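J.: Going down the list, the protein sequences come from chains A and B.
Using the working numbering, read the first sequence as starting at 1 and increasing by one per residue.
Using the working numbering, read the second sequence as starting at 1 and increasing by one per residue.
Just so you know, the hints here were simulated from the structure itself, not pulled from any lab data.
Quantities reported herein were computed from a predicted structural model and do not represent experimental measurements.
Each residue gets a CB set at the ideal place from its N, CA and C atoms; glycine is no exception.
Among the hints, erroneous ones may be present.
[Said to hold, decoys possible] As a list, the in silico BS3-like pairs of lysine-lysine whose alpha-carbon atoms are at most 25 Å apart: (1) K94(B) - K47(B); (2) K46(B) - K94(B); (3) K16(A) - K94(B); (4) K127(A) - K94(B).
[As the list claims (entries may be wrong)] What follows is a list of derived Cβ distance ranges for each label pair: (5) D65(A) - L36(B): 20 to 28 Å; (6) P19(A) - D116(B): 40 to 48 Å; (7) P19(A) - P146(B): 36 to 44 Å; (8) P93(B) - A126(A): 35 to 43 Å; (9) R70(A) - S87(B): 30 to 38 Å; (10) N15(B) - Q116(A): 50 to 58 Å; (11) D20(A) - D97(B): 33 to 41 Å; (12) Q41(B) - P19(A): 29 to 37 Å.
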Amino acid sequence: MQADSPTEQFTSPILKTLPDPDVPAQVCPRRTRIQLDFVLLAIEALDLYASELMLMSLEELQLQDVIENRVDFWQSRNTNPLRRSHQRDSLSLDKAKALVAVGCHIARRQTAQVRQLLNVQRQLAAKQLTPDHSVPLANYLERFRRHFRSRMNPNRTAIAAYKENERLDELALSLLEQVLFCTGTAGMERFWSSLFDGEVA
Amino acid sequence: MTIQRPFILPNCTLNLEGISNSFSDAVLGESLDVLLRLECQFGDLKKPLIGGLDLLNSLIQATNQCTQSWMSGVPHRRLTQLNQDESAVHLLPKEEDGFELTIPTELLNETPSDTDGPVQVGLTTLQLFDLVEALDQLLADQQTLPNLSLAVRPLSRAEAASGQGLQKSASAVVGAASVAIAASIFYLLPVPQASAPPKDPPKAEPTSTETPAPGTLPGVPPIQVSPSPGESPGESPNLESTEESPSPDASPEPEASP
């Protein structure tokens with residue numbers, strides 16, 4: 001009878017798939033919020049429509065109860081303390097799970113592109129050529145730099161370290177490799193788990 | 001009859017051969033329950049490696065541990081200790097780029113003829129991803145070694161290497177050290193002597209051209225409505241240098257003073 005109760009709240013299967021880590025107050029630590037936002041930023045740099053697709057996939061993945069709309073999505077991203085528009089709100093585990101799920105969902109659509117970019121980058125590095133020699137790679141790096149600089153607070157020490165393009169390109173390529181691992185069969189679980197390394201009891 | 005299950009990715013191929021010890025499912029087919037032979041080809045290997053369940057288990061553990069730490073950037077504190085176990089597969093990131101996989105010959109059915117020691121395999125990030133993906137597909141396949149499982153979990157604070165923490169908190173350490181050094185320098189400095197107040201009250205300001213309103217204390221800013229009754233006029237001229245002399249219009253009315 002309890003199952004038929006209209007007051008019982010629906011829980012997305014994805015929220016049950018990802019375990020709740022043993023973190024204080026059951027909210028995401030600082031490193032988790034930064035890392036999660038950075039990986040989503042890399043996904044957005046791969047595809048101009050990635051933000052819209054992520055919002056659309058909230059419904060597809062039955063996560064609209066967790067992140068209700070565009071503003072909620074934006075506020076959840078702004079829990080990254082390095083953002084210009086950072087708000088001192090906490091990020092609940094459920095919202096973080098929803099962000100991880102939509103991020104991995106979109107990343108899977110970009111698998112071929114990510115593999116191609118990493119292959120090109122490796123070939124260029126073997127010839128000791130800079131990434132500018134490949135148009136797709138240069139486009140990704142340029143978009144990532146633009147997103148990063150427009151959204152992150154340059155007054156924060158952690159962001160000031162990426163003042164030079166070379167450093168920021170290294171970060172973009174490192175995040176691209178992380179996006180690759182998000183595309184795998186267990187990519188979502190692996191990404192979720194890695195966000196809490198060294199943060200759990 | 002043996003069952004074969006291949007897991008093929010662009011940079012990695014796993015071929016499993018085994019037998020079933022359960023009834024076959026009408027839809028899913030036979031389940032591979034007992035592994036007899038594992039053949040894997042990945043990275044810069046010239047010939048495929050051949051082993052059994054021990055090799056498979058060791059590969060899963062090593063790739064999981066390294067991938068997890070690499071993705072988070074938080075190294076495992078006991079990774080060095082764990083890598084001293086010479087009977088297990090080790091996977092470590094290289095100094096420059098990529099990863100190195102070390103496979104002890106005890107886990108292999110056939111030892112490569114060109115080497116006596118453990119087999120070393122270099123992997124790029126893409127090659128590592130394909131190996132991890134092939135193993136994850138195998139783990140997710142309920143018809144292939146269904147008893148095999150892997151719990152992906154975050155490293156605890158105790159397991160996370162302290163080096164990373166030190167690196168991240170370097171700025172805090174530098175800040176604390178700067179405060180300590182500054183404090184010790186200031187401790188050595190002599191205590192400044194307070195200058196004695198002038199014994200004679202200064203005369204009325206000779207440069208002042210306007211005469212304050214009667215009863216108004218010289219030098220008191222206009223916004224200060226009520227000067228302390230205990231204050232003597234002689235103590236306030238120091239303020240005169242920084243403040244404009246109050247005009248008669250703007251000065252507080254003598255009646256406002258207590």
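J.: Could you run down the list of hints and mark each one as holding or not?
T.: Status of the hints after comparison with the structure:
Restraint check: the Cα-Cα separation between K94(B) and K47(B) comes to about 22 Å, which is no more than 25 Å; the hinted pair holds. Taken as a hint, the K46(B) and K94(B) pair is honoured in the structure, with Cα atoms around 20 Å apart against an allowance of 25 Å. About 36 Å separates the Cα atoms of K16(A) and K94(B), which puts this hinted pair outside 25 Å; it is violated. At roughly 19 Å between alpha-carbon atoms, K127(A) and K94(B) fall within 25 Å of each other, so this suggested pair holds.
About 48 Å separates the C-beta atoms of D65(A) and L36(B), a value inconsistent with the hinted range of 20 to 28 Å. Between P19(A) and D116(B), the C-beta spacing of about 44 Å keeps the proposed range 40 to 48 Å intact. Between P19(A) and P146(B) the Cβ separation comes to about 21 Å, which falls outside the hinted range of 36 to 44 Å. The beta-carbon spacing between P93(B) and A126(A), approximately 18 Å, falls outside the hinted interval of 35 to 43 Å.
Judged by the Cβ atoms, the range 30 to 38 Å given for R70(A) and S87(B) is violated: they are separated by roughly 54 Å. Remark: the range hint 50 to 58 Å for N15(B) to Q116(A) is contradicted by a beta-carbon distance near 27 Å. A C-beta distance of roughly 35 Å is found between D20(A) and D97(B), which places it inside the suggested range of 33 to 41 Å. Separation of Q41(B) from P19(A) is about 34 Å and conforms to the stated range, judged on CB atoms against 29 to 37 Å.
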